[in-house]
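Protein chains: 2
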Amino acid sequence: MSSSIKSTNIVEVHHHVTCEARADLNRHRGGVLWLTGLSGSGKSTIAMELERQLFNKRWQVYVLDGDNVRHGLCSDLGFSPGDRTENIRRVGEVAHLFAKAGLLVVTAFISPYRADRERVRQMGPAQFHEIHVATPLDVCEQRDPKGLYEKARRGEIPDFTGISAPYEPPEAPELRLNAENCTIDRTLTTLVAYVERTFALPSDQVSVGHVAS
Amino acid sequence: MSSSIKSTNIVEVHHHVTCEARADLNRHRGGVLWLTGLSGSGKSTIAMELERQLFNKRWQVYVLDGDNVRHGLCSDLGFSPGDRTENIRRVGEVAHLFAKAGLLVVTAFISPYRADRERVRQMGPAQFHEIHVATPLDVCEQRDPKGLYEKARRGEIPDFTGISAPYEPPEAPELRLNAENCTIDRTLTTLVAYVERTFALPSDQVSVGHVAS
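As they're listed, the protein sequences go chains A and B.
Just so we're aligned, residue 17 is where the first sequence starts under this note's numbering, counting upward by one.
Just so we're aligned, residue 17 is where the second sequence starts under this note's numbering, counting upward by one.
FYI, nobody ran anything at the bench for these hints, they're computed from the structure.
It is possible that part of the hints are untrue.
What the hints assert, rightly or not - Below, a list of computed lysine-lysine pairs in the DSS-like style, where the Cα atoms sit at most 27 angstroms apart: (1) A:K162 / B:K116; (2) B:K116 / A:K116; (3) A:K73 / B:K116; (4) B:K167 / B:K116.
Build the full structure now, drawing on both the sequences and the hints.
Below, the structure written as structure tokens:
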């Protein structure tokens, strides 16, 4: 699918609410936390638990994952290289829209291609943090929580990342989680601290009464 | 573009944060306010002003409009009937994702086809409210804020809604705004009252300390 801009005669209409005003209301900046890793590495489990913990701290946070996107926005796409690229492009655009709306969005997609992830990083003004869920292939295959590796080994799933399709690990992710050496609790403690350090507003910048002009 | 589901072997991972918990935090439900109307009818102006006013009441609200979507998520699409349908399908899916994340999302798209709008209504569990910005064609053409009608009359823009492409007005929208008979202020007063009546939590349901279990 081409990514050249076919839309013409589109005139920009500006939001009257700034990103700064949204951050001030929410007490944290919007941004994208992009989890990447093999199937079974723990991305979705980590993302959903992170969402729960941040929500309990009253953050505006939302997880985009394969399930809520593959059944909807990207239901027309399969797993060929071109379709994977288009899938990640659309998810990236949506993630940046959420970030502009002030949310911290956590994405949980295998997103195997380095170039696709890099394109998402470049898409928006929002902060993009690449988090590598670096569980090794043999551990993922041993876990095989969905039975997919077994099917892939039997040749029943074509283009399966790590088996019959490539995974290109990030070279310089903002954070690397070696989840196989850690309990989920310790992984989450690391991640929540990272998020707060990166996206929370310093408390002296918080002025609850702030409104848009 | 096909809308059949090509994705297989997708296993659902559930959010631990419910829509009810999000509504409780935000003091309003998430939902979709779908503005439809001709080019120049006032959709974007109304949407952006509504966003400002609701934000100032501390609502989680975000406008999706042609500009922030046609340059990004839908940059591969033009204005043929098929591309318009796919454009509205994607925007609809994104709007429902925002609503699931707890936001009131306001969309400002011509969205000329009844069937496309009806498909968006059916997409999600979120409340979908169709708002017809019912400014008549002759008023829109007289305003012509972007000079597009003039270009379209000269044949310089193909498939221009109202001139060389159809607009199918909603038969039973949740709300119809006759913006040409009203000042923008009065239109906004009507709309804000409608939104509060429809999406705000009754104050006795608000319990600020509520957290997800």
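- Query: Can you give the numbers of the hints that this structure goes against, from lowest to highest?
  - Reply: 4
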